[in-house]
Structure formats: C-alpha cells, structure tokens
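Novice: One letter stands for each residue in the lines below.
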Amino acid sequence: NAGVTQTPKFQVLKTGQSMTLQCAQDMNHEYMSWYRQDPGMGLRLIHYSVGAGITDQGEVPNGYNVSRSTTEDFPLRLLSAAPSQTSVYFCASSYSNRGGNNEKLFFGSGTQLSVL
Amino acid sequence: KQEVTQIPAALSVPEGENLVLNCSFTDSAIYNLQWFRQDPGKGLTSLLLIQSSQREQTSGRLNASLDKSSGRSTLYIAASQPGDSATYLCAPSRAGNNRKLIWGLGTSLAVNP
Chain A
10 NAGVTQTPKF QVLKTGQSMT LQCAQDMNHE YMSWYRQDPG MGLRLIHYSV GAGITDQGEV
70 PNGYNVSRST TEDFPLRLLS AAPSQTSVYF CASSYSNRGG NNEKLFFGSG TQLSVL
Chain R
61 KQEVTQIPAA LSVPEGENLV LNCSFTDSAI YNLQWFRQDP GKGLTSLLLI QSSQREQTSG
121 RLNASLDKSS GRSTLYIAAS QPGDSATYLC APSRAGNNRK LIWGLGTSLA VNP
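Here the protein sequences come in this chain order: A and R.
For what it's worth, the numbering used here labels the leading residue of the first sequence as 10, then goes sequentially.
For what it's worth, the numbering used here labels the leading residue of the second sequence as 61, then goes sequentially.
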C-alpha cells in the first residue's frame with residue numbers, strides 16, 4: 010500500500026522557472042492538501058481540496074496553483090519560482106474532513122525545493 | 061489567532077524513562093487534536109487523534125490526553141526507546157466547516173541508549 014506519494018524528492022530551480030510538484034494517494038481519500046515547512050515556523054497550509062473539482066486557498070496560497078481533476082492526484086504548480094519559495098513541501102490526505110477518525114491525516118515524504 | 065505552543069522544545073533522556081510532552085493552545089473551541097511524529101528528512105506520521113468529545117487516546121506505549129477547557133494536551137511516552145527519537149508535533153483543528161489544523165513547532169526528542 011503506497012499511501013501518499015510525492016515526486017520529486019529534491020528539486021533545484023532558478024528564479025522565474027515554473028514547475029509542478031506531484032502528489033498521488035491510493036487510499037480513496039476525499040481530502041488532500043499541500044503544506045510548506047520552514048525552519049522556525051509551523052507547517053503552513055498552501056491549498057487544499059475536499060474532493061475532485063473542488064479546491065480552496067490556505068494560509069499562504071500566493072505564487073501557487075492547484076487543481077483536482079481526479080480523486081487520486083493533487084499537483085501543486087509554482088508559477089514563477091522565487092527564493093522565498095525555498096522550502097520543504099508536504100502533501101497530506103485524509104478520508105474526509107467531516108469529522109471522526111476519518112480526519113486522521115496521512116503525509117507524503119516531502120519535496121525539498123531550492124530556488125536560486 | 062489560534063496559537064500552539066509545545067514545551068519543551070527539545071528533550072534528551074536515557075532509554076527507559078517515561079516522558080511527558082506538553083502542548084497548549086489559545087482557543088478552546090477546537091474540533092479535535094492530532095499528535096504526529098516526524099523523523100529527520102521524512103514526512104509526518106499521525107500517532108493519535110483525539111476527538112473533541114474524548115479526553116484521551118492510547119496506542120501501545122503512547123497515551124495522549126486532551127483538556128479543552130484549559131487548552132492543553134499531553135503526550136505520554138512510556139518506557140522510552142532509542143527508536144522514539146524524533147520530533148513530535150501537536151495539531152488541534154479549528155471548529156467549523158474547514159477544520160484546518162494549527163501547528164506547533166514540535167518537541168525534538170532524543171532517547172539515548
């Protein structure tokens with residue numbers, strides 16, 4: 010059982026380049042989300058989705074786009090990379106966000122992104 | 061704004077000790093609370109999820125309690141082992157439709173053989 014799979018694990022970009030971080034889950038989870046983790050700061054929510062075709066902004070959405078065309082996939086697009094986007098990015102999913110143990114969150118192993 | 065504080069920030073103990081990690085949050089109107097473990101260079105693993113109507117949850121050597129009225133949760137680790145070395149994060153979720161998690165900075169635990 011693969012769980013939440015993120016690719017790539019590492020990426021180096023130049024300022025202004027664009028790229029897509031991939032996230033896929035095989036648990037039929039409705040809820041998917043993207044976080045960034047920076048030293049000295051708690052995890053910050055970028056975007057989230059409560060189901061295919063539905064996305065919404067988190068705390069720090071600027072500079073990022075998402076789409077949810079299938080239940081399994083939730084890619085994160087950096088439109089024009091900036092050094093401030095250097096971070097570790099995590100994708101996470103849960104069965105739902107409608108209460109109970111269905112809200113237990115499962116994380117991918119992360120993508121280390123450096124923007125030069 | 062909801063804030064989460066975890067004390068201590070770092071802890072180093074000999075193997076076999078019983079440990080208590082503390083988490084406090086400013087808003088008692090939370091929906092539930094999860095405790096996670098993060099190993100260096102890896103993602104987070106949910107250890108325990110405590111519903112708003114519950115006071116505690118147990119899994120093996122781990123026990124987490126929740127006191128919403130005082131804005132506190134504790135994670136108790138019994139008979140610590142070197143394999144328990146990791147960063148432990150607590151994350152209450154806001155009440156309301158989105159129930160977004162609010163994150164602390166974690167407690168970095170080292171259990172020495």
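These are computed hints drawn from the structure, not numbers from a lab.
Here the structure is a predicted model, which is why all the values come from computation and not from measurement.
Ideal Cβ placement from N, Cα and C applies to all residues, glycine included.
Please note that a few of the clues may not be correct.
Derived pair list, reagent style BS3-like, types lysine-lysine, alpha-carbon separation capped at 30 Å [what the hints assert, rightly or not]:
| hint | chain 1 | residue 1 | chain 2 | residue 2 |
| --- | --- | --- | --- | --- |
| 1 | A | LYS18 | A | LYS113 |
| 2 | A | LYS113 | R | LYS128 |
| 3 | A | LYS23 | R | LYS102 |
| 4 | A | LYS23 | R | LYS128 |
| 5 | R | LYS128 | R | LYS160 |
| 6 | A | LYS18 | R | LYS160 |
| 7 | A | LYS18 | R | LYS102 |
| 8 | A | LYS18 | R | LYS128 |
| 9 | R | LYS160 | R | LYS102 |
Counterexamples of contact, computed for chain R against chain A with all Cβ distances above 10 Å [what the hints assert, rightly or not]:
| hint | residue |
| --- | --- |
| 10 | ALA70 |
| 11 | GLN94 |
| 12 | VAL171 |
| 13 | PRO173 |
Novice: Decide, hint by hint, whether the structure agrees.
Specialist: Hints and how they fare:
1. The straight-line distance between the Cα atoms of LYS18 (chain A) and LYS113 (chain A) is roughly 24 Å, inside the 30 Å bound, and the hint therefore holds.
2. Between LYS113 (chain A) and LYS128 (chain R) the CA atoms are separated by roughly 19 Å; this keeps the pair inside 30 Å, and the hint holds.
3. For the given pair, LYS23 (chain A) sits about 25 Å from LYS102 (chain R) by alpha-carbon distance, which is consistent with the 30 Å threshold.
4. Our distance criterion of 30 Å between C-alpha atoms is broken by LYS23 (chain A) and LYS128 (chain R), whose separation comes to about 46 Å.
5. At roughly 17 Å between alpha-carbon atoms, LYS128 (chain R) and LYS160 (chain R) fall within 30 Å of each other, so this suggested pair holds.
6. Using a Cα cut-off of 30 Å, the hinted pair LYS18 (chain A) and LYS160 (chain R) holds, with the two alpha carbons roughly 26 Å apart.
7. The suggested pairing of LYS18 (chain A) with LYS102 (chain R) holds, with an alpha-carbon distance near 10 Å, which does not exceed 30 Å.
8. A distance of roughly 38 Å separates the Cα atoms of LYS18 (chain A) and LYS128 (chain R); the hinted pair therefore is violated under the 30 Å criterion.
9. About 22 Å separates the Cα atoms of LYS160 (chain R) and LYS102 (chain R), which keeps this hinted pair within 30 Å; it holds.
10. For ALA70 (chain R), the requirement that its beta carbon stay farther than 10 Å from each beta carbon of chain A is met, with the minimum near 14 Å.
11. With 10 Å as the threshold on Cβ separation, the claim that GLN94 (chain R) sits away from chain A is violated: the shortest Cβ distance comes to roughly 7 Å.
12. Distance to chain A confirms VAL171 (chain R) as a non-interface residue, since its nearest Cβ pair spans about 22 Å, more than 10 Å.
13. With a least CB separation of 26 Å from chain A, PRO173 (chain R) remains clear of the 10 Å interface cut-off, as annotated.
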